[in-house]
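Got chain Y; can you put chain D on it based on the hints?
Protein chains in written order, with my numbering: chain Y, 1 to 509; chain D, 1 to 464.
I should point out that these hints are in silico values taken from the structure, not numbers from a laboratory.
Fair warning: this is a prediction, and the values are worked out from it, not measured in the lab.
There may be inaccurate statements among the hints.
[As the list claims (entries may be wrong)] Pulled from the structure, derived: some chain D residues nowhere near chain Y, Cβ distances all over 12 Å: (1) V83; (2) E128; (3) R137; (4) T171; (5) I194; (6) R239; (7) E263; (8) Y332; (9) A395; (10) V432.
[To be verified] Pulled a few chain D residues facing chain Y out of the computed Cβ check, cut under 10 Å: (11) G8; (12) D35; (13) Y386.
[What the hints assert, rightly or not] For each label pair, taking beta carbons as the anchor points, the in silico distance ranges come out as: (14) D/A376 - Y/D51: 19 to 27 Å; (15) Y/P442 - D/G402: 39 to 47 Å; (16) D/G334 - Y/N154: 52 to 60 Å; (17) D/E460 - Y/R12: 37 to 45 Å.
Note that CB positions come from ideal geometry on N, CA and C, so glycine has one too.
What follows is the residue order along each chain.
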Amino acid sequence: MGAERPGTDLVRVRTGIYHDSVSLMRVSRAAAALPGVEVAVVAMATGLNLDIAAELGFELPAAGPTDLLVALRAADGDAAERAAAEVDGLLAALAARAGGATGGEEPPRTVRAAVRAASGAATLALVSVPGPYAFAEAMDAVEAGLSVMVFSDNVPVEQEVLLKRRAAERGVLVMGPDCGTAVVGGTGLGFANVLRPGPVGIVAASGTGAQQVACLLDLAGVGVSHVLGVGGRDLSARVGGLSTLRALESLDADPATELIVLVSKPPDAEVAEAVRQAAGGLATPVVTAFPGRASSHGPDDLTSAAEDVLRALGVKVPEWPSWPAAGPHAPAAGDAARSGPVPDGGANGASAGAVSDGGMADGAAATGRARVLHGIYSGGTLCTEAALVAGTGGFTDYGDDAYTRGRAHPMIDPALRLEALAAVPPGDAVLLDVVLGHGADPDPAGRLAPAVAAAVARGVSVTVALVGSGGDPQGLAAQAGALCAAGADVFASNALAARHAARLTGGAR
Amino acid sequence: MSLPMLSGEPHVITAGAAVLGEALDAQAVPRTAVDWRPPLSGTEDDLARVLADPRRAAANARAVDRLTSARPLLAGVRPAGEVLDLPPGTFLHAGPPIGWERASGPMRGALIGAVLLEGLAGDAGEAEELLAAGRVRLEPCHHHRAVGPMAGVVSPSMWMFEVRDAEHGGTAYCSLNEGLGRVLRYGAYGSEVIGRLRWMGEVLGPALAAALELTGPLDLRSLIAQALQMGDELHNRNRAATSLLVRELAPALVEAAGGRAAEVLRFAGGNDHFFLNAGMAACKVSADAARDVPGSTLVVAMARNGTDFGVQVSGLGDRWFTGPAGVPDGLYLGAYGPADANPDIGDSTITETAGLGGFAMAAAPAIVRFVGGDVAEAAAATRSMYEITLAEHPAYQIPGLGFRGTPVGVDVTLVARTGLLPTVNTGIAGRVAGTGQVGAGLVSPPASAFTAALTALAREAPIR
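Only chain Y is shown next, with the shape it has when bound in the complex:
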């Protein structure tokens, strides 16, 4: 019965308490950092979380998804009790914060009740409850005549179709499910970059794809009116572009929008045709970016789409910022000849240089085998784009539903990506994305840098696509600086990053 296992286990199940997985992950992390604590699991007692705790060797009482599980392993009983008391305090603080928003009265328990509590002031809803429960909350918003962003993933497609049909009847827009980003009249929702206001309206069936385009435009000095996410399945045959068509129509009617960009993974052919026809009937010009779609000049990429937009607006296409690796493992140092001026307001005075294209290839480890490129991504479209542009290596999107069931998105919780990075063999090459903005990790570079430095130290070359704007709260320049100080080559353009990484493995296109 685990007698040989050192330390003391303390397991408690508390009923009638609920907090979301991200909040609880923070409590777990804080508890694990306490003196004498070896393992801390503070989570809702879902099947997945119970499995995790059981695998860690905890003996668990019966509990269900509406119970909160606290499982602690500490050096001794005192340390475990102290940690439990600390966890109680953190949970109490979470509860106080949840209750504080409504000034003493019990907070609303459903979106329906919240709409009523807002007494007509609400303009939209943002739903990020676990996927199996998202439909009810989103439907509340639609039935109340509000547009809704469904951040939740793992929502069944038939529920998505129903929501969107009902939204069409009510004249509102469903953004999502699995909609990671939106900007509505300057308000960033979900993972949202801080973007200057401007004439470009973006319709995004791909969250990180839209973030890449919007950030590049921002770095070039061009702002957006709105970014309307529609969810990654919207342009599939099942969903038929219901939200895309609605979003195009409403941006066309929006006086602030002068040009529309539609960003999506390659859509279903019939749906694409319907969208093309709809776009053709609008008064506002539409530029499409379908990264991965074959075109006459190779696969479309997001960077060339951003450049198309700039040209359509008569704005000069700048040299996209990049930051070469610094320090002892910085093979690209010294070649700053291609460094272009940093666009106005772009990199916030960072010493953006240009990463040499061939520099790091010289540093290839003499392992006798070909370098392999490992794409370790958090953004789905960025991952697809990078894989196509690089044309070599193995790419994993850790933001995919398969990796986020029961855990936070990798833009918030880097644990899975850190594990993957640590597992890259010496001599291979890694390509990572780091996405900044509201909602994302407050210091992603800070959490990645030690693992990047460790990888570089064992002969792995690391390239980062850093998707962010000059206004993002994390600070684009500071994040770039931390990553290149750790030995990574950093690019504002994912496509350029992918080409660079591919060249390092000899697989350049």
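The following block gives chain D in isolation, referenced to the frame of chain Y:
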């Protein structure tokens, strides 16, 4: 086709990950945060199916509109045998269907009393044998357009309030209130109980009937609305409503009942719950107006028989969905305590079904101690019921909440989503037949009754 959100001042409803809400706070965007929790365990698939039913929103709007627009009028007082479809040897009882075998002490006591009242047996023992042998047919009041408080036993010679819905044309009935303490509805059947019932049939019923002939129908909707503003919640406190009713009836009673007027007025005026039964019939006729709307998830009856708690739902016809009745938590009379309490019993939860009683607790600060709380808790209890109801009553208002309408129209899906169960105020009957009332308090219905109804709604939702 423009979207309002693209041009208006943003105000975001957030439900889910706190980090996304905090990102809005960091942008100084006003928001209303939902304190979201998972639904009742195992309900998510049923919820998804029922919420996807394209009929639901319109069906619920129609059903709850019928419930709140009903205009109950007290039209008359008549013997049960004349107005109810009550064949000889048939008695009605509270709650979902039940037989003698599973009947609790107070239900058995009240049935014994009714057998004695009808002269079908010479004593309690003989009455019990008759009932145990199945010689009396038992049917729920709810199956006969009627409701009865506590045991809710109705036999043909009892007189009933007759309430008509002037808006939708329905009719509902409820027996006359006997007062508190040792009374039939709490399972007492001693000679004082039977004697009082006889007097009610011979004097009280006919006098009230004659008085109502003179006054014409009385507007119960208006009377209930006034009583709420005078501190009643219309289930455990009916003092204001009773006073208003007696005031309406007194002159006509004097004219109609002559020499018996004083004893009738003394009886009605001396029983703070005299109005309860008229109010229950008003609630019943209102809830019945909301029945049988296909696709509606609105609860149209909550009722207990002392063993089971049952609900009926508008979109599910006359089917009952039951769970075990709980034991109320409250204050006890004299030396009685929780060990003497019977599980929850009575059709009086029709008041909560129609947005009164526990749902209107915030209107009745005078009795919050009686039901084990303070004034803030009473307000919180009412406010929490807005989470599980479809509407706010247009006429029944609560002064202490800024004249907000009472929460009305329990939605099965909202119960499952929030895990909040209807707050029910109730009297407590002694568990031993013949004891009578032992206290009053609050009780929680079993969640299983609501989840069973949800499952049935899911089965009947159209396949997409």
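These are the hints, each one checked on the structure:
Every CB of chain Y is more than 12 Å from the CB of D/V83 (nearest about 41 Å), matching its label as outside the interface. Distance check for D/E128 against chain Y: the nearest CB is about 44 Å away, which clears 12 Å, and the non-interface claim stands. Every CB of chain Y is more than 12 Å from the CB of D/R137 (nearest about 43 Å), matching its label as outside the interface. With a closest Cβ-Cβ approach of about 34 Å to chain Y, D/T171 is found to remain outside the 12 Å limit, as its non-interface label requires.
No Cβ of chain Y approaches the Cβ of D/I194 within 12 Å, the least distance being about 48 Å, so the stated non-interface status holds. The non-interface label for D/R239 is consistent with chain Y: the shortest C-beta to C-beta separation is roughly 29 Å, beyond 12 Å. Every CB of chain Y lies more than 12 Å from the CB of D/E263, the least distance being 49 Å, so the non-interface label holds. Every CB of chain Y lies more than 12 Å from the CB of D/Y332, the least distance being 28 Å, so the non-interface label holds.
At roughly 19 Å, the least C-beta separation between D/A395 and chain Y is larger than 12 Å, which holds for a residue marked as non-interface. For D/V432, the condition that its CB be more than 12 Å from all CB atoms of chain Y holds, with the nearest at approximately 35 Å. The interface hint given for D/G8 is met, as the beta carbon of that residue sits about 5 Å from the closest beta carbon of chain Y, less than 10 Å. With 10 Å as the threshold, the beta carbon of D/D35 comes within range of chain Y, its nearest partner Cβ sitting at about 4 Å, so the hint holds.
For the restraint placing D/Y386 at the interface with chain Y, the shortest Cβ-Cβ distance is roughly 7 Å, inside the 10 Å limit, so the hint holds. Distance hint for D/A376 and Y/D51: a CB-CB separation of about 42 Å, inconsistent with the stated range 19 to 27 Å. For Y/P442 and D/G402, the Cβ-Cβ distance of about 41 Å falls inside the hinted range of 39 to 47 Å, so the restraint holds. Look at D/G334 against Y/N154: about 58 Å separates their beta carbons, and that is inside 52 to 60 Å.
The hinted window of 37 to 45 Å between D/E460 and Y/R12 holds, with their beta carbons roughly 41 Å apart.
Violation of the numbered hints given earlier is confined to hint 14; every other hint is satisfied by the structure.
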